[in-house]
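One letter stands for each residue in the lines below.
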Amino acid sequence: MPLVTAYHRPSTLDEALDLLSSPERVALGGGTTLNADREPSDLEAVDLQALGLDAITAADGGWVRLGATATLDDVRRCDLLPDSLRDAARAEQPSTLRTLATVGGLVAKASAESLLLAGLLAHDCRVELAGGGSAAGPSESSLAELMAAGLPEGSLITAATVDPAGRTTVAATGRTPADVPIVAAYGRRTEGFVAMALTGVADHPVLVDVFDPTAGLDPAGDFRGGREYRLHLARTLTARAMEGLR
Amino acid sequence: MAADVTFELNGAPVTVAVEPHHTLREALRSLGMFSVHYGSDSGETGAAAVLYDGRLASSDVILAASAGGHRVTTVESLNVSPELHPVQTAFVAVGAFQSGYSAGAMILGTLALLEENPDPSEAEIRDMLSGILDRETAYVKPVEAVKRAAAVLRGEDTEPFAPLVLEPLTDGYRPAPADTGGDAPEAPHAVPRLVPSREVPDMAVVGKPEVKVDAVRLAKGNPAFTDDIEPRGMLYAKVLRSPHAHARILGIDDSAARAVDGVHAVLHYGNTPRVKYASGGQSWPNPHPYDQVSFDDRVRHVGDRVAAVAAETVEEAEEALRLIEVDYEVLPGVFDERFAMDPDAPRVHDEDDTTHICDPQRNLVHHIAAKRGDVDGNLAAAPHVFEQTFRVHQVQQCPIEPHISMAWLDSDERMVVRTATQVPFHTRRMLAPLIDMEIKDIRVIKPRIGGGFGAKQEMLIEDIVAHLAIATRRPVRLELDRAEEFFASRTRHPQTITYRTAVDDDGTLLAQDMSIIGNTGPYGTHGFTVQIVSGLRGLTSYNAASKRFDCHVVYTNIPVPGAYRGYGAPQAEFALEAHMEDIARALDLDPIEFKRRNWVKVGDEMDIAPHLGERAVAEEELDEYPKIMSSGIEECVAQGRREIGWHRRNDAVWKAPADRPNIRRGMGFAFCMHGTAIPFLDMGGCSIKLNDDGSFNMLIGATDLGTGADTVIGQIAAEVLGVPLDDIKVYSSDTDMTPFDTGAYASSTTYISGTAALRAAEAVRERLKARAAMLLEVDEPCTIELRDRRAYAADGRSVSLEEIALDSLHWQEQEQIMGTASHVSPDCPPPFAAQFAEVEVDVDTGQVTVTKLVMAVDCGVAINPVTASGQVEGGMIQALGYAHCEEIVLDDDGRMVNPSFGPYKIYRADEMPDTVVYLVQTMEDSGPFGAKAVAEIPKDGVAPAVRNAILDATGVAINDLPFTPERVWAALKAAQT
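Taken in sequence, the protein lines are chains V and X.
Counting from 1, one number per residue, gives the positions in the first sequence under our numbering.
Counting from 1, one number per residue, gives the positions in the second sequence under our numbering.
Excised from the complex, chain V in its bound form (with noise of 0.2 angstroms):
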């Protein structure tokens, strides 16, 4: 794990931007990733669970506000939310690291691999973010645009804000039945549209063209699936995905 040389716990957002302008600081959420780092590189620690972000709250329009260090094990257990977006959250991470893991961590980090990304890209998810330079204050950004960008330099994540209205299906394959997907399809039908997000065929969670779910995807391979296998996987669990929409 990499070798924390200072901890920092800031109790304002304003306090928390300027700890994290120095290149060598850290946003410090659950810890799940941060902490288990096998790379052992110095750096200092900004833990962020005294800045209130954890609610996760109704939004205006029906939408749902996931605040940043809101646990995956929160989104878990919250009504507000579709079985499909809380199971991704369950399938994310087993008990023991789900009740520390973030959203900001999960969007932060932006594994491809990442089922419950799937989802919120799915549900139009809006990212919000302070600091990174921008003198208009916080902004907001859509999940899909951020993770094709990355994050912006010196900003951090302070919420995530979804849609839970719609159909949902999942369609994935693992090796066991909990395993990470190697490929995982997660549909949403709202009125007139449809959309399919999948993981393991690009850099982070993608959405697709439910007709030409392959198009202008060169996924990498791995040990778990080759790059044919991987789009392979799309075609058939998006079109598996579509018929659970029907």
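To be clear, the hints were calculated from the coordinates, so they are not data collected in a lab.
Just so you know, these numbers come straight off a predicted model, no measurement behind them.
Possibly wrong hints are sitting among the right ones.
Calculated Cβ distances over 12 angstroms to all of chain V for the following chain X residues [claimed, not checked]:
hint : residue
1    : Leu63
2    : Leu129
3    : Ala151
4    : Arg174
5    : Ile439
6    : Phe740
7    : Val897
Estimated spans, in silico, between C-beta atoms of each pair [unchecked claim]:
hint : chain 1 : residue 1 : chain 2 : residue 2 : range
8    : X       : Leu31     : V       : Gly226    : 45 to 51 angstroms
9    : X       : Arg198    : V       : Asp222    : 54 to 60 angstroms
10   : V       : Asp203    : X       : Leu589    : 49 to 55 angstroms
11   : X       : Gly902    : V       : Glu145    : 27 to 33 angstroms
Just so it is clear, CB atoms sit at the ideal spot from N, CA and C, and this is done for glycine as well.
Once you have looked at the hints, place chain X on chain V.
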């Protein structure tokens, strides 16, 4: 810089000084919370899980500083009285702990779950357990424990946990009528189904589901494991490991490392004696070649030792490692056993001080050959000859407790090594020459072990801590991290296995010709003996007129294979049972009928067995071949078929469910036969003495890895002595204190060490009878019976064991009543089993879901049916991982790409198939109270049963492991073209 952090621990505020990098796990252990165990740095094992503000959380990934202001609960919070909390009691009652390494986490998770939901569903229980990886129980009994705890806390009555006793379906010898057994019995999966034998008498302690002797210690999280004591002034060791699969070390500059504050020693090839050895924990003399030294100027796999540092802190040791400059000449590597003998393959060992390598130019360590009968003649004349090649892969044992050792010089300047080992006596003997000390000046202590599965049948790191303790004259501790456990510990041997089998028109085997290329990696260790067992298991299960074994054991540059539960049998039985299945299909025979026609039965010779093994003999040297003396396989098959619903194999509707068009279902079977100890080699000793109160201390060298060996051996002694198990206080093992034992391997402990205990107890019993006869004024002590803590004369008069003890220790003709015995067996009675698997195959994606596993085992008399069934449950799930999802994956440079749980996938609680165990009793006269072995046979049949189930479901045979989705998909696709 250290800073104080204050949090609530078990209801009271505590303040502790922590460095910024300290984790909550480290802080808790520094506060004496020894129930919190290390499993990995990234928290996925759950061994260090605590309640964090009331929710289960891995303390490995919580910075101690982050915990400030939070509420932390460990299992020590429950230990407010000698009695157990009801949740602890429930886990103990159902035998939910084996090693108990993660006991604290399971109990805490249960508390939190039940506080939130007093009546959780099984899915909710399994979800709670999903973060606590258990390599031992298959989660079957932990789930039952949570249900039981919930019921108790709801105020409901619970029945004592006991086996479900069933009527036999056969006469013990002949097969049952096909599929006429009716419905399988209803009972929770955790309950072992027990089919008693008429030959086995009812006993007071043996055969009973006794609570484990160490249950309270484990349930309370009391300090019991290697790391749970901390000698004053202890230094921390870390090992610099090779980044290259193969390289020559041209030089090492350790000056900067030595200059780091807190560093006390840096050891490497330049300052450590070059003493050749073989690290496999085996009896003297260890099989050659002795191809290792503590630190070499050559590295032969990624992760090989380069140097070791001892420092005041782990961080200082790690800093020193970073500053060691190593000049490598990188050499080409070879990884695939099939190419290791090629003329242009790089030579893994070209040093001139390693002898007994069969052909070092070809990386050929051993060539093993054995034969009986005219194989070539039978193959040439047979109407049917089948040839198939199988490839089995490399996996790791994955004990949740990694290797850990500490060493110090005691006040007599003797070397004391406290270590997580399966082989304390072998370790003592093997360590002596490496550190230039005599055996008598070394003491090896084996405390509680958090799982081993063969990985700890090795002197893996004990020499490092001993060298460092000598260099520093301070206690030194070394613990492998999870990644090191994967690539710098021990693994299962990959093999390429080819069978050629000749079969008569009626399905009778005429010849079996088995050849293996075994990959022993860069060092021999267990390379010879593992392949021998492959031959033994691969060629003794079925009768054939002629048999031949031809095996090449080769060096490569993969992480080092060694002993792994099953020890060569899982590889061989995968190939054998797949091969036999395919032959049956090719001949249009029912697979079970075809196998039955040929499998060994009572009275049959194990005809090639004596020609294999560490003390193989030629045919002309033998008076007779060993024979099968007991077998319950027909009852196993009958019970297993009924439980799995074997008749559905022919049900088209079941096999292709209309509502799931991409799913095909199938069932598979594997016949399993294992060994029980190594004849003429495995030896165990036992010493028993009487105490003032009529209880007994029992000292054994056998090493309980969590298997329940201490309990089972205690039950054997208790039965003989007529006392409850609680009156036998078991201690194991310490080379200064306990009798010799070869160690926990080869399915030997119950059979060998148990017989030693039986004989020691018999010796004590004779003295007790004599003293009782004296007190009761009975002329013939042989008429005295021991039961219920008393000695009874034939006329009904009795005297208590306490009275005998007080009389013999304090009153007249004083003596210490004690008995010592040891045992080595000329026999190796095989346990048998029928393994069944049910699968669903997604034919569009290749995903295989194993929905049910059933194993019916003839292990003789199960001394403790609960611990025995726990062994089978855990073994089956390890075996399922081998079949289905576990694999060490190396990149082109020999570097492991998945050295953590997750990428290296082991099953967790929320994805388990249904798992049911049947214990079919037979009376094995050579075993203690009729016992045979049970520890390893569950590893043998799952892979072929799953493979045959996939074949049944799809018509596609896959001959490589594991059955990952892409591999299955590719096979399905190939079959379509």
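Is Val897(X) truly not at the interface, in the sense that its beta carbon sits beyond 12 angstroms from all beta carbons of chain V? Check fails; 6 angstroms does not lie beyond 12 angstroms.
Phe740(X): least C-beta distance to chain V exceeds 12 angstroms? Correct as stated: the minimum Cβ-Cβ distance to chain V is 41 angstroms, above 12 angstroms.
Verdict on Ile439(X) as a residue remote from chain V, using beta-carbon distances over 12 angstroms: Non-interface label stands for Ile439(X): nearest chain V Cβ at 39 angstroms, farther than 12 angstroms.
Range agreement (Cβ of Leu589(X) with Cβ of Asp203(V), hint 49 to 55 angstroms): The hint (49 to 55 angstroms, Cβ to Cβ) holds, given that Asp203(V) and Leu589(X) are roughly 53 angstroms apart.
Looking only at beta-carbon atoms, does the pair Gly902(X), Glu145(V) fall within the given range of 27 to 33 angstroms? With a Cβ separation near 29 angstroms, Gly902(X) and Glu145(V) satisfy 27 to 33 angstroms, so the hint holds.
Is the nearest CB of chain V more than 12 angstroms from the CB of Leu63(X)? violated, 6 angstroms
Measuring Cβ to Cβ, find out whether Arg174(X) lies farther than 12 angstroms from everything in chain V. holds, 39 angstroms
Given a hinted range of 45 to 51 angstroms, is it respected by the beta-carbon distance of Leu31(X) and Gly226(V)? holds, 49 angstroms
Using the C-beta atoms of Arg198(X) and Asp222(V), is the stated range 54 to 60 angstroms upheld? For Arg198(X) and Asp222(V) the Cβ distance comes to about 56 angstroms; the hint holds.
Would the least Cβ to Cβ distance between Ala151(X) and chain V come out above 12 angstroms? Answer for Ala151(X): holds, closest chain V Cβ roughly 22 angstroms.
Just double-check Leu129(X) for me: nearest Cβ-Cβ distance to chain V has to come out over 12 angstroms. violated, 7 angstroms
Comparing the model with each earlier hint shows violations of hints 1, 2 and 7; every other hint is respected.
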